[in-house]
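Chemist: Generate coordinates for the entire structure from the input sequences, incorporating the hints supplied.
Take 1 as the starting number for the sequence shown in full-length UniProt numbering and just add one per residue.
Rather than coming from a laboratory, the hints here were simulated on the basis of the structure. Everything numeric in this text was worked out from a predicted model, so none of it was measured. Beta carbons are placed, not taken as given, at the ideal position from N, Cα and C, and that holds for glycine. No false leads were slipped in.
Taking lysine-lysine pairs in the DSSO-like style, the calculated list, with each CA pair at most 30 Å apart, reads:
(1) K36 x K51
(2) K65 x K51
(3) K43 x K65
(4) K19 x K47
(5) K40 x K51
(6) K43 x K19
(7) K133 x K43
(8) K133 x K47
(9) K51 x K19
(10) K19 x K40
(11) K65 x K47
(12) K133 x K51
(13) K40 x K133
(14) K133 x K65
(15) K19 x K65
(16) K19 x K36
(17) K47 x K36
(18) K65 x K36
(19) K40 x K65
Derived Cβ-Cβ restraints for the label pairs, each shown as a range:
(20) L30 x D134: 33 to 43 Å
(21) D123 x D35: 31 to 41 Å
(22) T50 x K19: 17 to 27 Å
(23) E132 x L30: 30 to 40 Å
(24) N27 x Y116: 15 to 25 Å
(25) K40 x A63: 18 to 28 Å
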Amino acid sequence: MNNLFNLPFSFSIYSQALKSLLQHRINIQLNSNEDKWSEKAIKGLIKRLTKTSMIDDLQTALATKTSHTRCVTIPSDAQNKLVEPNPSTTVRSAFSDATPIVAFCRIWRWPDLNTYLELRPVDTCPYAFQHEKDQICVNPYHYERVVAPCNEYMCFFRDVQYWFNY
1 MNNLFNLPFS FSIYSQALKS LLQHRINIQL NSNEDKWSEK AIKGLIKRLT KTSMIDDLQT
61 ALATKTSHTR CVTIPSDAQN KLVEPNPSTT VRSAFSDATP IVAFCRIWRW PDLNTYLELR
121 PVDTCPYAFQ HEKDQICVNP YHYERVVAPC NEYMCFFRDV QYWFNY
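Modeler: The structure is reproduced here in structure tokens:
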């Protein structure tokens, strides 16, 4: 049975899914630029998901925090239109227009993530970004963090930021 606007799911399911996904965000201060940006990104993701089962799969992945969950895919040609640049001053401008993979990994796993080069897909994800398929997986638990090697100067400042929470 189709709903009034021919949407893949009803408004009540949409609002419940949005509320659930917003609760899993990491290090987000309410009413900040980061809060507004992440909410807008999550709303865009929900609209792009064609099956309600994908929302359930994403909620399961976020709740269980494991890679042993299904892929949550969006069309790969839509990935550049999904997330707008983050206006927050906490995100360096060089990385302000992140891909959805980076954006959702930043929202739900690693707030300090800068680029997809810091990510490696898990072996079990057939729709990871390096496979170049027509669908791309945005499940943040289908990616692992790769620590980039750094010179002494960069490592010193990374450690200072870690210890003093800059």
